[in-house]
Amino acid sequence: MNQLQVLVKIIPQLLSDGLALGFVYAIVALGYTMVYGILEFINFAHSELFMFGAFVGTEVLLLLKSAGILADMSPTVALLLSMLVAMIFSGALGVTVDRVAYRPVRSAPKLVPFISAIGVSFILQDLVRMVEEAKNGKFYLNAPTLFTNRITLAPNMVVPEKTLYIVGLCLLMMVALTLFVSKNKWGKAMRAVAQDRETARLMGINVDKVIALTFLIGAALGGAAGTLFSVQYGSISPYSGFVLGMKAFTAAVFGGIGKIPGAMLGGILLGLIEVFGASFLGALTGGVFGSEYKDVLAFAILILILIFKPSGLLGKPVGEKV
Amino acid sequence: MAQHPLRPGPAAFDGKTFAVKDWIVLGLMAVVILAAPLWLMADKGNSVAFIAFLASLLCVYRLRVPAWLRLLLAVVDLAVVMPLVGASSGTFAHVATVICMYGVLALGLNIVVGFTGLLNLGYAAFYAVGAYTYAIFASTQARNFMPFGVYPLSGNWFWLFLLLAMLVSGFVGFLLGLPVLRLKGDYLAVVTLGFAEIIRLLFNNLSKPVNITNGPMGITPIQPPMIFSLRLDKPVHYYVIVLALLLLTFVVVRNLQNSRIGRAWVAIREDELVARTMGVPVVRMKLLAFSIAAGLAGMMGVVFAAMQSYVDPTSFTFMESIVILCMVILGGTGSMTGVIIGALAVIVLQLQILKDASSYLTSLTTAGILNLPSWLNPAKYERLIFGLILVLMCIFRPNGLIPEKRVLQIKEKLGLKPKADAGGNAASKEG
Amino acid sequence: MALLEVKGLTKTFGGLTAINSVDFSMEEHQIVSVIGPNGAGKTTFFNMISGYYPVDSGTITFDGHSLTKLTPEKVAAYRIARTFQNIRLFQNMLVAENILVGFYMNLKAGIGDIILRLPRMRAEERAAYDKVMELLSYVGLAGKEGELAKNLSYGQQRRLEIARALAIAPKLLMLDEPAAGLNPRETEEMKQFILRLRDDMNTTILLIEHDMKLVMGLSDRITVLNYGEKIAEGTPEEIRGNEQVVRAYLGVEEADDEEDGGDAAAGEVLA
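Residue numbers (the working numbering), protein chains in the order written: chain A, 2 to 323; chain B, 310 to 740; chain C, 10 to 280.
Derived by calculation from the structure, the hints in this document are not laboratory data.
Honestly, I wouldn't trust all of these hints.
As the list claims (entries may be wrong) - Reference excerpt, derived from the structure (chain B facing chain C, CB under 8 Å, subset only):
hint, residue
1, Ser568
2, Val589
3, Val591
Built from N, CA and C at the ideal position, the CB exists for glycine as well.
Between the sequences and the hints, there should be enough to build the whole structure, so can you do that?
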């Protein structure tokens, strides 16, 4: 029980770790959920758009560092700059992937685009690795340290500055996306296409453009999350996307796939569950199961939700179409 | 019935439909079929001859001659030439063994993906279950937790474990299928993927509190198969074992395909609701497909464990499931010959072409002829190649290289002729 | 005793009541039609008998057995077969295989018999195949057994769908708009075929149809649905004179001009 008491002391710490992870999941989950909402298609390669964004963002930071600018500039600006570049690259890649690998099979049976997406995911992993190996001689990247300060929020709660940046930036993106979808003309078109693609087409909405826009936004968010992830955890490899992507997808399903607030809620909850679960599992089972089971926990949640409540926390159950 | 481009048909010898071009093709194929095995026999270590030999097998398959002749040629190639070559060249025997192993795996996955239309992305998990079932008991590993018995078990147990692992994996497949099979399409795919990751993580972590799997270190050495006191640990031994298992699997799966069970599977793939309305117990049929496929993977897992004499969790990643899926998609979902040829193509690519190209380029680099940076090593681009196969097939040939072709087994086998009007008059003539 | 007895059947989707407290019954060996304007709940009614949706309230009894909570495969086990408004064949299976799927319940070969392909399994398959050929020539598709279902013409697909339904030796055969898309001559042939079907196969037929000529010339009794409620039932003569029915149909005709002629025909016959 002594171990438990130690854990209780670090709860504020776990909370901030969980939130940082959860917000990253949430932003990546948005990409899955937006595409699913419109096409009923799991963009399996979304995890690679995240990974690609992480590499681009990290490379930008490294470039600034090797140019000797990084030390002199405000870390906030550096972070925003790298994130912006990552978003542009990831977004462009997302649209390209849709155009090349998904659009030709849009009308095929449902599993065909899904399998195509798996293929894209593998291709992107190797391409990124190829470029990184050619450039740096190794396939993983370590991100330069941007923030070193720790900030005391409350007597028992000292959090790294970068965690605050991550949570803040993620919140900002969520608010922006929510505003865009509810207020902007294109955002409304997106909702219309998600509701009923054919009717939207009849109403004069350019459905292909809306789909491309969805991929653009989803992928750009993924790229931003990638940069934040790399800054938070310090390193990234071409294979980092897979497990994180699976978890972000879990988060999207958890919250109710197709629902933007659902992805946010699901991501945050999953991050907290994972961080708390990993710490408490060991203590609760007397060390038999430790944090090495945190991925098992996430996958088990995915399976349980899909089996028992596939509509997720915020989704309504949908009757089967006959 | 329309003539299938790759299959021989009754047109072969009637002389009328056989144009000059066809005779030339036939002649060329005959040359390849006769020459390639002889070449390989003469030069047993030559990679190019080996690939030519495999290509000659494809020619046998496509040859427009009666079935018995093709069967005879195939038997000579597979059961005489290959073992003789394999006895002197372990590498080729190994490649041939791996082809046959994946042939079985592809046939198994094809039951789920091709016949029943369910995407299973966690097939490697069942392979892992089979491999570990044998590995644990045919090594000292079982001593850690078994209260009785002497371990490792002798290689004579191998044969029983083929069956046992099939049952264990089949049961695991059944347990997984029970809750998840009512999920649709891509959701099912993601759940099977999650499940496979859980299985792999369990094998990776079950070294405590009781050391069952030895964690990431893996289990080694594992007993090779034995017949009484004869150790079957040469590559050619495994080749013969696996070839026999492949043939057995092929016959069993084909019998299933041409039965009420096989028809129920395809009916589910085509229209699940209508299948139910026709009285097909969909859940039971899906479970059966899942369990049989899992069982076949389990059986192959035993061979894998014995052959490598080593298992660890890294052999059963998502990548492994995708490689098998690639074979099915490449060959043609639902097409039994297709998926075996898919297995052949993928394995030859993976084990022969990529490796040979890689070592050839490396030798050029060492010889100073070419300065090939290590990042360009072709052997590193398996993922890229499998990814490309999946995407390109989806876009350009979603039915695979050799698409599924349904034949009336009953009619062909029994020589039945359509009966004359028995139940009444035709309802109406074609309008 | 009625063969099929439905009492107080209700089904709502979201806020929409598709079927509202419908009572219905039919005797053995009858041909009964369910008619009504588009969206009246006819197909929903069929789907509920088939076990596709859970029943909100009410009961369905068939031959003394309750179907209310059954799944489609259990409903099929009571020998209730059906066809679909938009033909639903197993497109990539052979014509003969489509019908063989319908024989699933009749075939008894176990998995051991199948894997070893034992003589008794082969004999059973051969017998099933003979029956397939009988059914195919009965519906006029002799010689088509080796073709893929998707390669048949529209009319042939309709007939194959009926043959597949007949394969489960139905006590009740439900046909959802069997004449949809057929020209007048083909419709007349379909009418004769359905009449003959009842006697040859000794079955009971429940029909959804838009084509009034077909319905009036075929049915022993007619039930009329409108907005999910039963507004009339009786013999064809009684229905023809029923004012409520005429109003329901005319109302639809005014609102829905682009209808493909089925309802226009209804108006003619009813007037």
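To see whether the hints hold, each was checked on the structure:
Among the interface hints, the one on B:Ser568 holds; its C-beta lies about 4 Å from the nearest C-beta in chain C, closer than the 8 Å criterion. Among the interface hints, the one on B:Val589 holds; its C-beta lies about 5 Å from the nearest C-beta in chain C, closer than the 8 Å criterion. Evaluation of the B:Val591 hint against chain C yields a held restraint, the C-beta minimum of about 7 Å falling below 8 Å.
Of the numbered hints stated above, none is contradicted by the structure.
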